[in-house]
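Asks: As a plain string of letters, each chain reads:
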Amino acid sequence: GAGVSQSPRYKVAKRGQDVALRCDPISGHVSLFWYQQALGQGPEFLTYFQNEAQLDKSGLPSDRFFAERPEGSVSTLKIQRTQQEDSAVYLCASSLASGTYANQQFFGPGTRLTVL
Amino acid sequence: DAKTTQPNSMESNEEEPVHLPCNHSTISGTDYIHWYRQLPSQGPEYVIHGLTSNVNNRMASLAIAEDRKSSTLILHRATLRDAAVYYCIPRKTGANNLFFGTGTRLTVIP
Numbered sequence: 001g002a003g004v005s006q007s008p009r010y011k012v013a014k015r016g017q018d019v020a021l022r023c024d025p026i027s028g029h030v031s032l033f034w035y036q037q038a039l040g041q042g043p044e045f046l047t048y049f050q051n052e053a054q055l056d057k058s059g060l061p062s063d064r065f066f067a068e069r070p071e072g073s074v075s076t077l078k079i080q081r082t083q084q085e086d087s088a089v090y091l092c093a094s095s096l097a098s099g100t101y102a103n104q105q106f107f108g109p110g111t112r113l114t115v116l
Numbered sequence: 001d002a003k004t005t006q007p008n009s010m011e012s013n014e015e016e017p018v019h020l021p022c023n024h025s026t027i028s029g030t031d032y033i034h035w036y037r038q039l040p041s042q043g044p045e046y047v048i049h050g051l052t053s054n055v056n057n058r059m060a061s062l063a064i065a066e067d068r069k070s071s072t073l074i075l076h077r078a079t080l081r082d083a084a085v086y087y088c089i090p091r092k093t094g095a096n097n098l099f100f101g102t103g104t105r106l107t108v109i110p
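Chains as they are written, first to last, in my numbering: chain A, 1 to 116; chain B, 1 to 110.
The shape of chain A in the complex, shown without the other chains:
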């Protein structure tokens, strides 16, 4: 069965460029999450969607980061005017239900962003 897919797997951007990272969640999964993982660190939460509604964006580090999920399935994380500190692996996860203790998140392989 298809899992969570992300594209591109690798992205190199020059400082100041805008980038868009795509996440295709598991079909039928209501919840979608974005995480940022710096080298040698655990993933850190960025934002959360329930269907098309962005219910929590408290982890977005600046207003240069923007995420959307317009039809409640595919999601895009956009970073404007990239900076070197944005270099990280961006992970997407989806889950079948929200707000329940048994909520298991399924992660994609991530997109490794390198900003030069």
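Source of the hints: derived by calculation from the structure; they are not laboratory data.
Warning: the hint list may mix true and false statements.
Using 25 Å as the maximum straight-line C-alpha spacing, the simulated SDA-like pairs for lysine to any residue come out as follows [stated by the list, open to error]:
id : chain 1 : residue 1 : chain 2 : residue 2
1  : B       : 92        : A       : 11
2  : A       : 11        : B       : 3
3  : A       : 78        : A       : 28
4  : B       : 3         : B       : 52
Keep in mind that this is a model prediction, so the values were computed, not measured.
Place chain B on chain A using the hints.
Replies: Relative to chain A, chain B alone:
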């Protein structure tokens, strides 16, 4: 959110059992304890979770202390494919996102 303490790294011989400890002394009564692991160059994957009772599944066992201030993930027979970073994550009921720490890097020696 409850703070967790895990050893930075551990080693195990292949085919031997592995006990991965986690301290979460500030855990609240309704926090479930989740474990995820992250294999090299992959996203994290769910391993197991529990509240008070010990739990078993096909991947591992989870032993939770009676006072719930610590737990231990048990891999009964480590294989080379179990080499990964293991994260212990207390999770509030109703919470959506996961708070990862730095985890324990498990090395399996053939």
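Asks: The structure should be examined with respect to each hint, and the outcome stated for every one.
Replies: Status of each hint after checking the structure:
no.: 1; hint: B:92 - A:11; in the structure: violated (35 Å)
no.: 2; hint: A:11 - B:3; in the structure: violated (33 Å)
no.: 3; hint: A:78 - A:28; in the structure: holds (23 Å)
no.: 4; hint: B:3 - B:52; in the structure: holds (18 Å)
Consistency with the previously given hints fails for numbers 1, 2, ordered from lowest to highest.
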